[in-house]
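Colleague: Each chain, letter by letter, is given below.
Number of protein chains: 2
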Amino acid sequence: VHLNPRVAIVPALSVLLLGAWALQARQGTQRPPRDQVPRFTQDGALIRPEGWEAWVMVGASTGLSYNDPPPPSATSAPQGPGMFHNVYMQPWAYRELVRTGAFPEGTMFVLAFYEPSRKATPARAGFFEGEQDPGIEIHLKKAGVDSTGWGFYGFGDSTRTAARIPSVASCYSCHAREAAHDQVFTQFYPPLRARLGRSAP
Amino acid sequence: VHLNPRVAIVPALSVLLLGAWALQARQGTQRPPRDQVPRFTQDGALIRPEGWEAWVMVGASTGLSYNDPPPPSATSAPQGPGMFHNVYMQPWAYRELVRTGAFPEGTMFVLAFYEPSRKATPARAGFFEGEQDPGIEIHLKKAGVDSTGWGFYGFGDSTRTAARIPSVASCYSCHAREAAHDQVFTQFYPPLRARLGRSAP
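Each protein sequence line maps, in turn, to chains G and V.
Numbered by my numbering, the letters in the first sequence go through residues 38 to 238 in order.
Numbered by my numbering, the letters in the second sequence go through residues 38 to 238 in order.
Incorrect hints may appear among the rest.
Ranges of calculated distance between the beta carbons of each label pair, as one might list FRET restraints [claimed, not checked]:
#, chain 1, residue 1, chain 2, residue 2, range
1, V, Ala231, G, Arg71, 15 to 25 Å
2, G, Pro171, V, Cys211, 26 to 36 Å
3, V, Gly234, G, Gln79, 28 to 38 Å
Worth flagging that the hints you see were computed from the coordinates, not collected in a lab.
Virtual Cβ for every residue (Gly too), placed ideally from N, Cα, C.
So that you can see chain G by itself, here it is in the shape it has in the complex (with noise of 0.2 Å):
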């Protein structure tokens, strides 16, 4: 067959497509997207992630004590609730979870604080999340980093970066004696208690 080498880059172009079809695709049901991939500095310390605000929220708590929460602001309504307390995933990782019942490795909690504020007007009773406290801080599932398969991060205000917390802390022995779903405290998340077969404690 003699072919026009216009029409010979038709083949060409084809395979390009095939393959790019075929690597979102599988992108979508099993690999993350790049900015869902927790990215580490060549010391081995996290690289702080972006959007999280937008992942999936598992739970959100009031006046809990989790790890070294920061110290409550000026800015806190006296005698309130104590800090807004939101819990957020991967969507990946998530999807994950429901499609197998385990937390995929490279999975990342992302807990951030808010201030508890009151609702100005239309008045009524209650406390909605204010100011964001900057700091925020990661569990993530990585083999080899602890012997419970789970690091701990915590970023600061401004932190790029951050070395794993020491597994003397107790942070790790909390989770591994409490948490219902491995290491991970699902029996206060109604997403996963529900895709998990929990109920609330």
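Given chain G's structure and the hints, the job is docking chain V onto it.
Modeller: Frame of chain G, contents of chain V only:
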């Protein structure tokens, strides 16, 4: 140019792939995924969306009154902080808001309710989200349903569809009067406040 039939199929495949590719690329930037599109019955009732628990959670609150919240059940903690309210929006609509500064037509906010539960163990102060109330409320941006351009819908425990709440209801006038951005209480939602350049009241 004479083409072998086996070669002729390649351009056809290429066109198909290119079309599907372009469609998907367009969906990624502009059009919502199918499971984020509001769907209606023939008589205009909203069909209850699925999977909203994995949408973008824009704000949690405790003890706020919004629009006919369900009565607290017997499992409520006595003298607790009141129900947790979480508000979710479609990831597609969130991306569009970030990109354009406006809520796209078809934006839905889902208001969900959770009982306040005390952390049983590890024993500490505070409350987390316990049982989810099966009812949800939805605020939908849809031209023509009301003079504000938005409609409210209430779904009971097992309700699959909901007619729009009539425009005389107080939710419409309250949102028109108090909302910081296009009928939405963005003043209470940290990531939307951040995107729209407003601070907490």
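Colleague: A separate judgement is required for each hint: does it hold in the structure or not?
Modeller: These are the hints, each one checked on the structure:
{"no.": "1", "hint": "V:Ala231 <-> G:Arg71: 15 to 25 Å", "in the structure": "holds, 23 Å"}
{"no.": "2", "hint": "G:Pro171 <-> V:Cys211: 26 to 36 Å", "in the structure": "holds, 32 Å"}
{"no.": "3", "hint": "V:Gly234 <-> G:Gln79: 28 to 38 Å", "in the structure": "holds, 37 Å"}
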